[in-house]
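> Residues per chain, in single letters:
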Amino acid sequence: MKLTREDIESVAYLSRLELSEEEKDTLTGHINRLLENFEKLQELDTSEVEPTSHVVPVFNVFRKDEPRPSLPVEEVISNGPQVEDNCFVVPRVVET
Amino acid sequence: MSMTDTRLCEMTIHELRDLLKAKQVSAVEIARSFIDRIEAVESRIKAFVTVTPELALEQAAIVDESIERGDDIGPLAGIPVAIKDNMCTRGTLTTCSSKILYNFKPIYDATVVDKLVRAGAVTIGKTNLDEFAMGSSTENSGFFVTHNPWNLDTVPGGSSGGSAAAVAADECAFALGSDTGGSIRQPASFCGVVGMKPTYGRVSRYGLVAFASSLDQIGPLTKDVTDCAIVMNAICGKDPLDSTSLDVPVPDFMKALVSDVRNLKIGVPKEFFGHGTDPEVESAVRAAIDLLVSLGAEAKEISMPSVDYGLPVYYIIAPAECSSNLARYDGVRYGHRTGTSTSPIFAKGGVSSNLPLTKGGVGGVVSLYQKTREEGFGPEVKQRIMIGTYALSAGYYDAYYLKAQKVRTLLRRDFEKAFEEFDVLITPTSPTVAFAIGERVDDPFAMKLADICTIPANLAGIPGISIPCGFKDGLPIGLQIMAKGLNEETLIRVAYTYEQHSGHHKEKPGI
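Respectively, the protein sequence lines represent chains Y and G.
Going by this note's numbering, 65 is the number at position 65 of the first sequence; the sequence numbering is gapless.
The number in this note's numbering is simply the position in the second sequence, starting from 1, with 1000 added.
Only chain Y is shown next, with the shape it has when bound in the complex (with noise of 0.2 Å):
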């Protein structure tokens, strides 16, 4: 499997970056030789072999539903790069 330069373009939008094209060439070369590496996996026989997610073995871990008090508001809108009113400034998402 390798990867070609419209492939880089599709994952790098999945991964919300926008590449300037010497990197889109750079990450070309890179992934490509690092799926090679990837393919040695292909070796093993894992047909009966349950995946790791997590080394533990912890399920879902729950606590009573108690009110606690919150952060402040103002502490929490405090490092956002645009701030009103108490919320984060975006685009507008929604067409008028």
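Straight-line alpha carbon distances no greater than 30 Å define the calculated BS3-like cross-link-like pairs of lysine-lysine that follow: (1) K1115(G) with K64(Y); (2) K1417(G) with K40(Y); (3) K24(Y) with K1448(G); (4) K1255(G) with K1484(G).
Distance ranges between label pairs, derived from CB positions: (5) D1308(G) with V56(Y): 23 to 33 Å; (6) L1152(G) with V89(Y): 42 to 52 Å; (7) D85(Y) with P1240(G): 25 to 35 Å; (8) F1144(G) with V56(Y): 33 to 43 Å; (9) R1328(G) with D65(Y): 22 to 32 Å.
Since the hints were made in silico from the structure, they are not lab data.
Backbone N, C-alpha and C define an ideal beta-carbon position, used for all residues, glycine too.
Starting from the structure of chain Y, add chain G where the hints point.
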């Protein structure tokens, strides 16, 4: 040793604690010694992204007041600590060495930071790392490169390179790092200090900026094994704010500081000695094993075939998890946002005149994300996000991500089998000593080989420690010891025994 013989900043935690308890020095004097040291050497080492001398002196003064009142102070009270800059510190910049978080000031402390501050530790600064902890040399920092105190032309290792260099250069008494594929142990090895990656889940990760959530773990970098035990006592334990932290009893790790390895069974897996292992590294590691055998341990060569697949498994799983974790950097809630950052670090196209806000519709918001992320992330981070996104995308999931997770199971089984027979596994921490700055930046595969011996412990979730075991051309060599999950005490006992009989930890770089 009287305090006039050794500068305070050169001392271990336990030496400083003894002086403080005997009221021979004050916490403020200790803090000043480290602040002076940072002023003297930091321009050459560049271990810190942010230094907080005023905060350190304030915290130290509080400890002194407490001592004055006659309070019983704990072992970390008044001890200066450096914190890797991917752990949240309330009110102090936490950048992950990434431009995308260049101005981020957390509004809460990470649980580990909270625990240390409550124990009276003095926070002296935030250390440099490979951007978002992705790298093996700290050369991927979005800001600057950190230099190895043993030879300024070489890398300190990574990603916790700033933490390791700061400990080695006596710019702090100890440091915290995070380890996803070796990021505590490998820089500890390169800088000649002690670095422990605890069992997955031992230490709360609340407030640690997530990279690969099934692998990340916080741990200490210290000047000796006793200090490692002291810090482990302070940071381990279940945290309601981290649902992956383990609800298991935490032992008193100080009790594991016993110089005795009689009847200890050591496995020496041959797969960790391939891959271009430097012969001098190999012989130092084998000499260390021989020393332990001379003290009553038994050692045997074994084979763990799945270890050879560790690197590809890691470079699928870690980027897959990172691509998901790093989706949060969107220029909305914190950090860089295209068109608004005025910092000179964005001189190259960062301040676009075309504010995406002016564009309506979905295109506007997507463009905001794309530009923000393009400007904020460095090349290594972009590459990993791309690989991870691809590995998780429809049609490729089974071939890459699922396959890697299955091979991860095989690797875990190999470790389980080995620990049926052996108490510990001993290997080099890294196949070589520290390499020259710039030497591997254009060869990503050579760079990744530096982590080949440390990655398996993360995949298996087991604890590992790196301790100094010799030198090559004036650069430290690291010995890695691994044990079964939750058996950090065994690691501490074996490492302590070796340390008591070797003395490498007492050597200091001549900076």
